[in-house]
Amino acid sequence: MIQTKNLTKRYGKFTAVDGVNLNIPAGEIYGFLGPNGAGKTSTIMMLLGIVKPTSGEIRLFEETYTPKRLDLRRRIGMVPEKHPTGMWTWMTAGEYLQMFADLFGLEDSGRRIDHLLEQVGLAEVKNKKFAEFSRGMLQKLSIVRALLHDPDILFLDEPISGLDPFGVKQIRDLILEENREGRTIFISSHILSEMEKLCHRVAIIFGGKLMVEDQMKSMLNTLAKDREIHVDLEELPADLLGKVKALNFVQDATGEEKTLVVKVPKTGDYRKELSKYLIDQNLVPLSIQEKSLSLEEAFVTITKENINLFAGIGGEK
Amino acid sequence: MNQRAHATTVLARRRIFETLISPGFYIAQTVGLVLAYFLVAGFVRAIDSSGFDYQLYPAYELIGRSLVGAFGTTFVEKLFSEGPFLFILYIAFLPVLLYLAVSSVFRFGLEKKVGALELLTYGPADSTSYFLAALIKDILMTAIYLVVLLVFLLVAGVLNNLILGPSFYYSLIILFFLSVAIYAYGIFASSLTDNSASAIAVFLGLILFFIIIMMGSFTIVSGYVRNLASVFAWIIKWISPLFYWDLALRFVEVGDWGMYFIGILLLLVLSMAILIISHLTMKARGVRP
Ligand SMILES: Nc1ncnc2c1ncn2[C@@H]1O[C@H](COP(=O)(O)OP(=O)(O)O)[C@@H](O)[C@H]1O
Ligand SMILES: [Mg+2]
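Residue numbers (numbering that gives the first Met the number 0), protein chains in the order written: chain A, 0 to 316; chain B, 0 to 288.
The set of hints was computed from the structure by calculation and includes no laboratory data.
Just so you know, even glycine gets a beta-carbon here, dropped at the ideal spot from N, CA and C.
One or more hints might be untrue.
Stated by the list, open to error - Lysine-lysine pairs mimicking DSS-like chemistry, simulated, CA-CA at most 25 Å apart:
1) A:Lys51 x B:Lys282
2) A:Lys196 x A:Lys244
3) B:Lys112 x A:Lys128
4) A:Lys168 x A:Lys12
5) A:Lys271 x A:Lys242
6) A:Lys275 x A:Lys290
7) A:Lys12 x B:Lys282
8) A:Lys81 x A:Lys196
9) A:Lys271 x A:Lys244
10) A:Lys168 x A:Lys127
11) A:Lys4 x A:Lys67
12) A:Lys244 x A:Lys208
13) A:Lys208 x A:Lys257
14) A:Lys262 x A:Lys275
15) B:Lys112 x A:Lys67
16) B:Lys282 x A:Lys81
17) A:Lys257 x A:Lys275
18) A:Lys168 x A:Lys208
19) A:Lys242 x A:Lys275
20) A:Lys275 x A:Lys208
21) A:Lys81 x B:Lys77
22) B:Lys282 x A:Lys4
23) A:Lys242 x A:Lys257
24) A:Lys51 x B:Lys112
25) A:Lys67 x A:Lys128
26) A:Lys257 x A:Lys290
27) A:Lys67 x B:Lys77
Unchecked claim - Some chain B residues near chain A, calculated using beta-carbon distances under 10 Å:
28) Phe105
29) Leu109
30) Asp125
31) Ala155
32) Gly156
33) Asn160
34) Leu163
35) Gly164
36) Pro165
37) Met258
38) Arg287
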């Protein structure tokens, strides 16, 4: 659906996007993560045809894409980082959407506008001037605008930054629903915790380079130095920690009240072995959980120092 | 209809609608017509048995003298040779021309700066359909005002038993094409800049520049300045809409209609060339400031 080969953007001497290769299949929610200034917006702008790549190739819908392909751009929806303010101050939300519907030449646009406004909970403010909207309302209006023409790909550039928790949830549910309807979703963010709940696959971009790209799950595994197994027990015998530490697959063990925390190598799943051992010790594991690294923690792991560790993972494909 | 033509139509319809429901255009028209009214009234008072003499009416005298200062005697004599209507036409047209040109340049700069233009290009519009829409609106509004002004002056003429004179009509037509070229320069200025203030500065600078060059070729300034101006003017004049306007009107004087139409044609060619350059500039510079 979205493919790039060596996509590069230089502003003068500064390289904002550096040889990015993407391959995103239809129907995926793809998280494009990175700190501010990493090159996320520049990449999206190139995919949209708003910014001209310095070099590299873009293919959308299995066709070579250039800014001239307005027909392909029709199949893309875009929610920008910031909704422009201070323009069209006289327009109501409805008029604003109608203008874009007209630009797309949509039939039955009135019904579509009403339906989408209903879906995001903006139906009552349809006839209000959108210049007076809050950030969250503008963001939702922006999403409605981007969905008007029923695009196959939806780009969202930092859609949840600056929203309150309720707004974040609304936007997330909306994105998930759009994806269920078959839309491919490309979402950029520097807020990692949200992406974890949302994305099928994530990539991390840093300094214009694609560092890591993987399934959400395996990404976390890759980045985790080791795994932790948390076992809740009825009681925590004093000598248990020492015995567990002696097991050959255990790197470390600690206890917190009635919870046993065991560090194991990330290469395998040791829950079975551990519970078997505990039962042999006449202990009753009430629950046993593997606690994986959160994306946030994983992200912190990717720092300049250990960047080489991941260099080979995402870049070459 | 292709994508760009469709987007242009939609945007132009919006712009026309917005212009018609907001006060600016009506205010500019009113200013123009009020000016025309006072100038006609003043003229009627300046008539005596020997006919019209602009020097008889204080306001006209003042204007006449400053015009002589700027453009020379022949220019002013020509301007008033068929009565005051030619002069009134220019004066009454100016507020609307300026309003339309400057407001379009202002809006272009603003919408580029805040990202509204970029927003439009997420959809199936591009910067070219954007500026074409503004141009269509400006051309239409100009035509509307020229008709309004013509009717106003015709009525004023009939009431005061005066005729508008042939030069008036020729000038009216060429003014229309002159303003198209001026709007094109407004678009060009917008394409070079990223915000309203600099776009307006570049636009007014260009127009002022053309006027100064024009004045240079009219006035007999002494020696060195005159020579420098004339060499410079010769180079610049080919891109100045005022040059073609003057050219066409000169041909009217000697009764060469063919050349008059060629003057108009050249104005159109110039406008087209400026639009193409603007299109390329914008393509190269993008919609993101
Ligand atoms: N038009 C531009 N001119 C020069 N530098 C730019 C331009 N746009 C972005 N940059 C730079 O490119 C880098 C990447 O920017 P951007 O793509 O906006 O990052 P992100 O969206 O990940 O925060 C930043 O360092 C930014 O300063
Ligand atoms: Mg960004």
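(request) Starting from the hint list further up, note which numbers the structure goes against and sort them upward. (result) 2, 4, 12, 13, 18, 20, 21, 25, 27, 28, 31, 32, 33, 34, 35, 36, 37
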